[in-house]
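Student: Going down the list, the sequences are from chains A and B. For what it's worth, the numbering used here labels the leading residue of the first sequence as 1, then goes sequentially. For what it's worth, the numbering used here labels the leading residue of the second sequence as 225, then goes sequentially.
Honestly, the hints are just simulated from the structure, not real lab data. A hint or two may mislead.
Claimed, not checked - In silico lysine-lysine, DSS-like type, Cα no more than 30 Å apart, as pairs:
1. B:K242 / A:K2
2. B:K239 / A:K8
3. A:K8 / A:K167
4. B:K239 / A:K2
5. A:K8 / A:K189
6. A:K55 / A:K70
7. A:K218 / A:K103
8. A:K150 / B:K239
9. B:K333 / A:K8
10. A:K58 / A:K70
11. A:K2 / B:K293
12. A:K189 / B:K284
13. A:K218 / A:K26
14. A:K184 / B:K293
15. B:K293 / A:K8
16. A:K103 / A:K26
17. A:K147 / A:K189
18. A:K8 / B:K242
19. B:K284 / A:K8
20. A:K218 / B:K333
21. A:K150 / B:K284
22. A:K147 / A:K103
23. B:K239 / A:K188
24. A:K150 / A:K184
25. B:K239 / A:K147
26. B:K333 / A:K2
27. A:K150 / A:K189
All figures in this text were calculated on a predicted structure; none of them were measured in a lab.
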Amino acid sequence: MKINVMDKLLSANDAWAEENRLLLRKHGITMLNIIGSPGAGKTTLLEQTIALLGKTIKMAVIEGDIATTKDAARIEKMGVAAYQINTGNACHLDAHLVNTALKELINDVNPELIFVENIGNLVCPAEFDIGEDGKIAVLSVTEGDDKVEKYPLLFSEAEILVITKLKLIEHTNFNLAIALAAFKQLNKKGEVITVDSCSGEGFASWIDFVQDCVLVHKIAECFK
Amino acid sequence: MHELAFVEGIVQQVKELKLFHRFNRVREIEIICGPYNSVSADNLEFVLSHLSDQCLNQAKVSVRRVISKYFCSQCALEFDDHDSIEGLCPICHSCRSVVEARRAPYIHKLEVEDEN
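When you get a sec, could you build the whole thing from the sequences and use the hints?
Tutor: Given below as C-alpha cells:
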C-alpha cells in the first residue's frame with residue numbers, strides 16, 4: 001500500500017522556528033544567523049561589530065559551539081551579553097535550542113539585535129531554520145574561492161556573503177572574481193561585502209547592512 | 225549529524241500515520257528535496273537500520289531532487305531552474321529574479337506493508 005504524506009522532515013524544528021519568529025516580533029528584535037567554517041572569522045567579525053555598533057544598538061549574542069565557552073567569554077569581554085550553547089557533538093543549532101537562549105536573553109537584556117553565531121560548519125546549519133531574519137554566510141580568503149560552489153545550500157540561502165581576512169588575500173590564491181561569480185550564480189539577490197576585521201577595512205558597508213536590518217524591522221513594527 | 229534530525233522527523237510522522245493507516249512495516253520512503261539539500265539515502269537508511277522500532281528499521285529510502293523555483297520581481301512570473309539561463313526571467317529577461325523556494329526536504333510517499 002502507498003501513502004501520500006507531503007510533510008516536511010523538519011516540521012518539529014520549523015514549529016519552534018515559527019515560535020522564535022513570534023517571540024522576536026513581539027519584542028521588536030532582529031536576529032541574524034552567522035554561518036561559516038571553523039576559523040572563518042565569525043567571532044572576530046562580531047567583536048569588531050560590537051566595537052563599532054555596541055553603543056548605538058543594544059545587542060546580545062547566542063554562541064553555538066561543540067565545547068567550551070571561549071567565544072562567549074570574548075563577546076562578554078566586549079561588554080555584550082552572550083548565551084553559550086554547547087551542543088556536545090551536534091553540528092548545528094536547531095530552533096528549540098535557540099528558543100531557550102532567546103527567552104533568557106529577552107528576560108535579562110531585552111536587546112534590539114541578536115546575533116547567533118552558529119557552529120562552525122558550512123553544511124548542517126544551513127538546513128535548519130531557527131527563526132532568524134537572515135542568514136549571514138562568512139567565508140575567509142584562506143579557505144579558498146571554491147567553497148561557494150562546494151557548499152551551495154548556505155550560499156544560495158544567505159542574505160549576504162561576508163568575505164573576511166581580506167588583508168591576507170595576497171598570500172593566498174583566492175580569486176575574488178571566481179568566488180563572486182559563483183555566489184551570483186547561486187544567489188541573485190544576495191549582497192557581498194569584503195572586510196578585514198583586524199584592520200577594520202570594509203566595515204562601513206557591513207555596519208550599514210546591520211543597521212539597515214534593524215531599521216527595517218523597526219519600520220515594520222510601526223506599521224503593525 | 226543532521227540525519228538524526230531528519231530520522232526523528234520520519235519516526236514522528238510514521239508514528240502519526242500508523243494511527244490512521246494500520247500497517248506493520250514501512251518498505252520504502254520517498255523523500256523530495258531541493259538540489260542543494262544534504263540529504264543522502266544511504267545515510268538515512270544507516271540511521272534507520274539502528275532503530276529498535278521494527279516498523280522502520282528495514283525501510284529503503286529514495287531521494288528525488290527537484291529544481292528550485294524563481295520569482296521575477298519585474299513581471300511577477302514564477303519559473304523553474306530549467307526554464308532560465310542563470311536565473312534570467314524567461315519572459316521579460318530581467319535579472320531581478322529571486323530564489324523563491326528551495327524545497328525543504330519532505331516525505332512524499334511511504335510504501336507500507338499491511339497488518340493483514
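Student: State for each hint whether it applies.
Tutor: So, going through the hints one by one against the coordinates:
no., hint, verdict
1, B:K242 / A:K2, "holds (13 Å)"
2, B:K239 / A:K8, "holds (15 Å)"
3, A:K8 / A:K167, "violated (43 Å)"
4, B:K239 / A:K2, "holds (16 Å)"
5, A:K8 / A:K189, "holds (26 Å)"
6, A:K55 / A:K70, "holds (23 Å)"
7, A:K218 / A:K103, "holds (20 Å)"
8, A:K150 / B:K239, "violated (36 Å)"
9, B:K333 / A:K8, "holds (12 Å)"
10, A:K58 / A:K70, "holds (22 Å)"
11, A:K2 / B:K293, "holds (28 Å)"
12, A:K189 / B:K284, "violated (38 Å)"
13, A:K218 / A:K26, "holds (12 Å)"
14, A:K184 / B:K293, "holds (16 Å)"
15, B:K293 / A:K8, "holds (17 Å)"
16, A:K103 / A:K26, "holds (12 Å)"
17, A:K147 / A:K189, "holds (19 Å)"
18, A:K8 / B:K242, "holds (17 Å)"
19, B:K284 / A:K8, "holds (18 Å)"
20, A:K218 / B:K333, "violated (43 Å)"
21, A:K150 / B:K284, "holds (28 Å)"
22, A:K147 / A:K103, "violated (35 Å)"
23, B:K239 / A:K188, "violated (40 Å)"
24, A:K150 / A:K184, "holds (14 Å)"
25, B:K239 / A:K147, "violated (39 Å)"
26, B:K333 / A:K2, "holds (7 Å)"
27, A:K150 / A:K189, "holds (20 Å)"
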